[in-house]
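Can you build the whole structure from these sequences, using the hints too?
Protein chains in written order, with our numbering: chain B, 1 to 102; chain G, 1 to 478.
Since the hints were made in silico from the structure, they are not lab data.
Source: prediction; values computed, not measured.
A hint or two may mislead.
Which residues of chain B face chain G? A few of them, derived with a C-beta cut under 8 Å, are [said to hold, decoys possible]:
{"id": "1", "residue": "Val37"}
{"id": "2", "residue": "Met40"}
{"id": "3", "residue": "Leu41"}
{"id": "4", "residue": "Val62"}
{"id": "5", "residue": "Met63"}
{"id": "6", "residue": "Val77"}
{"id": "7", "residue": "Gly78"}
Don't be surprised by glycine CBs; every beta carbon is placed ideally from N, CA and C.
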Amino acid sequence: MNEIQVTSGLLLAAALFMLGLIGVLIRRNIIFMLVCVEIMLNSAGLAFIVAGSKWTQPDGQVMFIFILTMAAAEVSVGLALILQIHHQLKTLDGDAANSMRG
Amino acid sequence: MEVSKINIIDVLPGIFLVTASLIAMLSIAIKRNHKLIFGLTTISLLGVFVYLLVYASNHRFTVEPLFIIDGFGTFITGLIVMSTLAISLLSYAYFEQREERKEEYYILLLLATLGSAILVISKHFISLFLGLEILSISLYSMVAYLRKRPRSDEAGIKYLILAAFSSAFLLFGMALVYSVSGSMNFSGIADYLSSANSLPLTMQAGFGLMIIGIGFKLGVVPFHMWTPDVYEGAPAPVTAFIATVSKGGMVVLLVRFFTQIDGFRFPVIVLSFTIIAIASMLIGNFLAIRQNNVKRILAYSSIAHMGYVLVAFLAGGRLGVEAVSFYLVAYFLTNIGAFGVVSILSDHDRDAEKIEDYQGLFWRHPKIATVFTAMLLSLAGIPLTAGFVGKFYLVASGVNTQLWLLVFVLAIGSVIGLFYYIKIIATMFDKSVGTETLALRPRLYLINLITLFVLSILMMFYGIYPQGLIERIQDFLK
Numbered sequence: 001m002n003e004i005q006v007t008s009g010l011l012l013a014a015a016l017f018m019l020g021l022i023g024v025l026i027r028r029n030i031i032f033m034l035v036c037v038e039i040m041l042n043s044a045g046l047a048f049i050v051a052g053s054k055w056t057q058p059d060g061q062v063m064f065i066f067i068l069t070m071a072a073a074e075v076s077v078g079l080a081l082i083l084q085i086h087h088q089l090k091t092l093d094g095d096a097a098n099s100m101r102g
Numbered sequence: 001m002e003v004s005k006i007n008i009i010d011v012l013p014g015i016f017l018v019t020a021s022l023i024a025m026l027s028i029a030i031k032r033n034h035k036l037i038f039g040l041t042t043i044s045l046l047g048v049f050v051y052l053l054v055y056a057s058n059h060r061f062t063v064e065p066l067f068i069i070d071g072f073g074t075f076i077t078g079l080i081v082m083s084t085l086a087i088s089l090l091s092y093a094y095f096e097q098r099e100e101r102k103e104e105y106y107i108l109l110l111l112a113t114l115g116s117a118i119l120v121i122s123k124h125f126i127s128l129f130l131g132l133e134i135l136s137i138s139l140y141s142m143v144a145y146l147r148k149r150p151r152s153d154e155a156g157i158k159y160l161i162l163a164a165f166s167s168a169f170l171l172f173g174m175a176l177v178y179s180v181s182g183s184m185n186f187s188g189i190a191d192y193l194s195s196a197n198s199l200p201l202t203m204q205a206g207f208g209l210m211i212i213g214i215g216f217k218l219g220v221v222p223f224h225m226w227t228p229d230v231y232e233g234a235p236a237p238v239t240a241f242i243a244t245v246s247k248g249g250m251v252v253l254l255v256r257f258f259t260q261i262d263g264f265r266f267p268v269i270v271l272s273f274t275i276i277a278i279a280s281m282l283i284g285n286f287l288a289i290r291q292n293n294v295k296r297i298l299a300y301s302s303i304a305h306m307g308y309v310l311v312a313f314l315a316g317g318r319l320g321v322e323a324v325s326f327y328l329v330a331y332f333l334t335n336i337g338a339f340g341v342v343s344i345l346s347d348h349d350r351d352a353e354k355i356e357d358y359q360g361l362f363w364r365h366p367k368i369a370t371v372f373t374a375m376l377l378s379l380a381g382i383p384l385t386a387g388f389v390g391k392f393y394l395v396a397s398g399v400n401t402q403l404w405l406l407v408f409v410l411a412i413g414s415v416i417g418l419f420y421y422i423k424i425i426a427t428m429f430d431k432s433v434g435t436e437t438l439a440l441r442p443r444l445y446l447i448n449l450i451t452l453f454v455l456s457i458l459m460m461f462y463g464i465y466p467q468g469l470i471e472r473i474q475d476f477l478k
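See the structure below:
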């Protein structure tokens, strides 16, 4: 893979990362926030794959599999918590679940 | 990347913790028994500690390419294990009076300890990431463990979203560093950097993102927003765990990573850490003054303390690592003690977090009030406590490398800090009672009192006679 392609791959990953970041910051629905965090994590995974292919090493893809695993584990806990919150507050608005205002 | 043969006995602590959590899980499937699980947790933690004392303390080895088990790592692993032991002793009484399903907590506690223990011995991005995530994912559920509490879900989801958010920053930073250096091994990155005169832009961006990610995990200003909320919403023993084991593991990783890659050669990195340290020391202490909730006060004080640790981190060198090690011991002891007092005074309905709960405590429970006073004085850094020696060590390492600005801010921060610690102490001695209806009715357990007593004795001992511990640390770092 030549240098230009690596750069554009990283740029694509960075664009995805920014999309996720903006999403987390402006969305108020907790599920959407979780989805946006997932986008950020997967963009990091993409960046790892691009970097791995630049050095022709499998490490980047290994890391991507770990990221996928971790994201799945995290979402499972997250969805359980979201169910609890919906049960208690009858809404998924992030501002409603902000009684401590830290 | 070549994988070495792994000597089973070298990685025994990890295997031990994993096995213990698996046995705990199976035993829950058969029959729920709080005492049994608690005993199992205690024994496995003690087992790991004995192993570290007997075997690891005079063995240095690496498990290529993932782990480096050196003196520093072994020392901190021992510290983490003993802290978890103290926290589990405090948790037993705490959960005994609350949740009907209390056994799973210990599985999560063991796994979180495993994550932190992996974090402190990692020398590769993959082991760093795995350790961090084992720690974080266990903590998400621990924070939200008391399901019936109104704020526990909120704290849990906040912690989850922000921790995942910061992991994404850390990962993207690691990917950028990897794309430039071609290695995920700390030593490989060091090799690349030693041949480079200046940092390429991608590398700078990578380090910047990593610093943001690590900053979130440490809860330093300006990435501290989650700290007070999570501290307030989580059960008191879990708060103690977050404040000590989780943050401590991250500090050690930071020291190891930036020492190995010799990141202090680059002014950009030093400048950003200096700004973070100064902001944490000042803003943490200033915001703590305005709080009326003891857990939140301790949260802001931990933000400031992370700023103090960064002074020794920036000082670097041998003395810096020694200072970080000693400070972590003092900080762990004191924070577990302080949150132990909060958890011992909590009753079935809520944690003892309002400052009114402490009004006249000295006349109701003189022993607990004395312990709490000692812990707060140690946090403030009053002489004859471990906190003072730790802070002295930090100042010494700062002066040694002429970081005058940081040392100056550290001194100012400590003075501001005195104000709110003394405020809590004054409340405890205030005899006027008016909030009798709000008073908590905790059940006191002997095991809690003994733990607190031992913690405060150790804290005073290291404050009066730090030489033994210092020699021990120097031994390990050799």
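Quiz item: Which numbered hints are broken by the structure, listed smallest first?
Solution: none
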